[in-house]
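On the provided structure of chain A, position chain B as indicated by the hints.
Number of protein chains: 2
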Amino acid sequence: MNNLKKILNNLVQLSAVEWNNFKEKIVTQEYKSNTTIIKEGNIANSIYFIEKGLLRTYYLQNGKEINTYFACDGQFITSYASFIIQTPALENLETIENSIVHTISFTTLTELYRIDSKFEKLGRMLAEKNYLCVIDRTRKMQTLTAKQKYLDFIETYHKKIVQSVPQHQIASYLGIAPETLSRIRKQISIS
Amino acid sequence: MNNLKKILNNLVQLSAVEWNNFKEKIVTQEYKSNTTIIKEGNIANSIYFIEKGLLRTYYLQNGKEINTYFACDGQFITSYASFIIQTPALENLETIENSIVHTISFTTLTELYRIDSKFEKLGRMLAEKNYLCVIDRTRKMQTLTAKQKYLDFIETYHKKIVQSVPQHQIASYLGIAPETLSRIRKQISIS
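Listed in order, the protein sequences are those of chains A and B. Counting from 0, one number per residue, gives the positions in the first sequence under numbering that gives the first Met the number 0. Counting from 0, one number per residue, gives the positions in the second sequence under numbering that gives the first Met the number 0.
Just chain A, with the same shape it has in the complex:
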C-alpha cells in the first residue's frame, strides 16, 4: 500500500494517525483480467486505487465498445460520474490485466470528507483532475488529426497504457478507426 501512501502524501500530506485511520477503511482486492468490476446500470459504490494492474472504462454504442478511460499502477479509476452522484453508471469498469486494487467506498470517502478537510481537498483535487482529463480529451477529439491524436497519446499517457492496452481499444478511445491507427503506427515506425 506504499504507492497509495506516497500519492496521498504528495496530494494532501496525511499525518501518521490520519494515514492509519484511512488505511483501516480500505479493502484490497485482486481481479483477474477481463473482469467487470462495475457494470453499466449499476451504481459505482467505490473508487479504486491501482496498486498494480491495468483497467479501463467503456460504454456500448450500437453494440460497439467505446473506451473512455485507461488507468494503471498508481492511478485512481471508477465510473466517476456514477460514483460522485450515486446514480446508475453509464460506463463499465473492467480489468484489462490481472489487477490489485485498493477499494475506497463512497460511504467511507463521504465520512472522511466530513471529519477531515484533507479528504475534502483530496476529493476536490480528484474532481479537478478528472475535469481536466475529460476536457483535454474532448478538445483533442475535436481539434487534432488522427495522427496528432496518436502522437499525443504516446507522449502523454503512462508507458504501460501505451504498450499494454490493445490497439483496437486505443483506437476507440481516440475516436479513430482501427485500420487508421494501424496505418499511423506503420508510418511512425518507418519514419
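Only true hints are included.
Remember, identical chains collapse to one label, so a pair may be satisfied in a single copy or spanning two.
No more than 27 Å apart at the CA atoms, straight line, and that leaves these computed lysine-lysine pairs for DSS-like:
hint, residue 1, residue 2
1, Lys51, Lys22
2, Lys4, Lys117
3, Lys24, Lys4
4, Lys128, Lys117
5, Lys4, Lys159
6, Lys63, Lys159
7, Lys139, Lys159
8, Lys128, Lys158
If you're looking for bench data, these hints aren't it; they were derived computationally from the structure.
Below, chain B alone, put in the same frame as chain A:
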C-alpha cells in the same frame, strides 16, 4: 448579493461570520454585453457568480467560434481549466447580455480553501458539477441525433439560456449546423 448567499448556503451552510468574511473578499462588477472578460491565452484569475446576466465561453477553430458553456443568473462561470491550474486559457469568457457578476479571485479562493473546510467542500462540489456537465455534453454530442440534442437542450437548460442565447451560438454548442437547428425549430413549432 442575496442570490450568492442563498446558493452558498444550499451548498455548504455558511455561518454569519463565514459569510461576512467571504463577502468582504468579493468584488462586484458590471459588464456591457459582448465584453470579453477572459481572453484566450490569458490566465483566468477569477471565477464569476452571475447576479444577473448571460455569459458564454467559446474558443476559435479555423476562425469559427465553438461555444462550450452558457451561464446566467445564479450560476458560476469562468474559463475553468485555466482557473484551476492557472495556465493560459484555451477559451474566451464573454458577456452575451449586460451582466452583473460577483468576482472571486483564485488567490481568495485558495486562501479560503486553506482556512475553512467548507470552501474546500465548495471547491469540490464545483469541480464535480463541472465534470458532470462536460461529461454529459460530450456523451450527448456523441450519441444523440441533432433533434434529440436540441430537445434535450430546451428541456434541461435554464429558460433564459434557451430563450436569449443567439441560435447560431446554440448550434455551435450542440455541434450542429445553424441550418439544421433552424429546420429542427420549425419542425418542433409545427408539431
